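Okay, here's what each chain looks like letter by letter:
There are 2 protein chains.
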Amino acid sequence: MSGRDERSAEDRLIARFFEPIATHPGALGLSDDAAFIKPPPGCDLVLKSDAIVGGVHFFPEDAARSVASKAFRVNLSDLAAKGARPLGFLLTLALPKDIGDDWLEGFTQGLRGDAVLFACPLFGGDTDRTPGPITISIAMFGSVPEGTMVRRAGAGVGDRVFVSGTVGDATLGLMLRKGKDWKLTEPQRQHLASRYLLPQPRNALAEAVRTHASAAMDISDGLVGDFAKLCRVSAVAADIQVPRIPLSDAARAVMAADPVALESALTGGDDYEIVCTVPPAKADGFRAAAKAANVPVTEIGEIKPGEGARFLAADGRALSFKRMSFSHF
Amino acid sequence: MSGRDERSAEDRLIARFFEPIATHPGALGLSDDAAFIKPPPGCDLVLKSDAIVGGVHFFPEDAARSVASKAFRVNLSDLAAKGARPLGFLLTLALPKDIGDDWLEGFTQGLRGDAVLFACPLFGGDTDRTPGPITISIAMFGSVPEGTMVRRAGAGVGDRVFVSGTVGDATLGLMLRKGKDWKLTEPQRQHLASRYLLPQPRNALAEAVRTHASAAMDISDGLVGDFAKLCRVSAVAADIQVPRIPLSDAARAVMAADPVALESALTGGDDYEIVCTVPPAKADGFRAAAKAANVPVTEIGEIKPGEGARFLAADGRALSFKRMSFSHF
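For the record, the sequence lines run as chains W and A.
With the first letter of the first sequence counted as 1, position 129 gets the number 129 in the working numbering; the numbers rise by one all the way through.
With the first letter of the second sequence counted as 1, position 187 gets the number 187 in the working numbering; the numbers rise by one all the way through.
Think of the hints as simulated: they come from the structure by calculation, not from any bench.
Only a predicted model underlies this, so the values are computations on that prediction, with no experimental measurement involved.
Hints may contain errors.
Because identical chains share one entry, a pair is satisfied inside a single copy or across any pair of copies.
Claimed, not checked - Straight-line Cα separation of at most 25 Å, DSS-like style, residue types lysine-lysine; simulated pairs:
(1) K322 x K178
(2) K178 x K282
(3) K304 x K322
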């Protein structure tokens, strides 16, 4: 080698597809081995990583754009539930040999759109070949004023339980995708399908959660199982009024055709809504802050002394579920 | 579900294998959706992520402990080259169905050993199933006093070029593993094999690099190609004296049997040594700081005006290489 300026194919791939997403000066245009960021003064960093795998978390035929958004938003949703403001992310991508520029074009367009939309730019990462399926791992970091990250632990007896948006759409959307047919209208089908395909994380609610909630988490593995974890770590029980749990019109249409689908809706994953507990004195303030943030929230129950969350039907009977939540293991 | 405290298999896996590595209070014992950390006052955070894939970056039969160390140390090596002190890491793990507790036991023992050794605990992550090979992604964060992260850009004309340790052992170790036979002694074989299997990142040198170097990077894809990147981003040229490049006794034995292996040693990956440039006035100080840190460093050349790094043989002729560095693309 003499004076030739020979750039590797990997460098060209970074320059073409990823550099446009790396807008923070500390990312150094992805020209370095690492990036740097000055954390906001008086803030803690909030750290999260999550991966999605082709054929496990998304369908191989899903559009590259929506795959990117899913990988990005499952992490963003955790930051929202912790009350954190996004700062940026790192990406590691393992790609099969037959993935071409078209896929990367769509993937990075999706990522770029979300990075701008959520003010959360790329700081760095790594791209590798794999003999397996597309595997996308994102590590995301955000900030909260020191000591204010909202935890799963912290729910107190008497706290009200709130949930954002509607519950169960995504898992019903996945069931539709796998061939279930509940004679829905086309708009109903599309609503459920898009809720599975493209999470809408509740980052607009983050500040309201941070300033009002005693405990919070996002619902990624199903309301029943996830809320049980919150109760366990908080060392409390809860009574949840199942008829109060917010369902979309499409989900209500499914329940009308197939009442058993309620269990799937309450225990299935991929909702990416926030469940949180709010002390009674702060409940009105939380409602007002959520309204100002334009995020619907619904009070669904109350924290009780003891252990375990009960999901109560209209007649006061506690429901029992075959399985509580989605698990890979 | 009633009051039962039903924990998922994934929760048990986390509690058994990963919680012991999550020693920082901000990791919340991995019981939450995210972790938090207060960055050291007056410091920037340094961010890095890198993944390794079974059958690509390691052999399927490699011991789980050494796979863990490799995944961990390739990231640690980047922090070292940037002059950063490690703070912690996030892990996403995609595992085939047939991976059992024995593998996880070995893997997490390796990870735990390194987390303690390098004072870099686990803050969180995610474990998923994959139909593909074991895929391990680590995002690591460290700190430097504000504005002092050592970059690839920054080398100035007249700066001395230093490299730590010895160059090329890992790639020769990989060639041995793939069946090459250079009639080495058993200790020589073992030296090269272990340099491939288990990177020894130069974190002990980080502070010396931060306080003396004008530019630095770790050698993960081969000295020739990586140093060319440093020169390109710094907009300088360099003359490197090939006879001065430090080689281990084992590597010298290989060259004696097979002079062509020199090209592999200089362009092959996985060294995880540091190459850096140091202004002449700081060169003695750097040597002294490296000695105090017990890390061997060797001056191998000088930064020149122009473009491109020349690798000069004993007779002053510039070597040319078939390929400059390892690339997946």
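Checked hints:
no., hint, result
1, K322 x K178, "within (20 Å within a copy, 51 Å between copies)"
2, K178 x K282, "neither (42 Å within a copy, 65 Å between copies)"
3, K304 x K322, "within (24 Å within a copy, 71 Å between copies)"
The structure fails to meet hint 2 from the earlier list, while all remaining hints are met.
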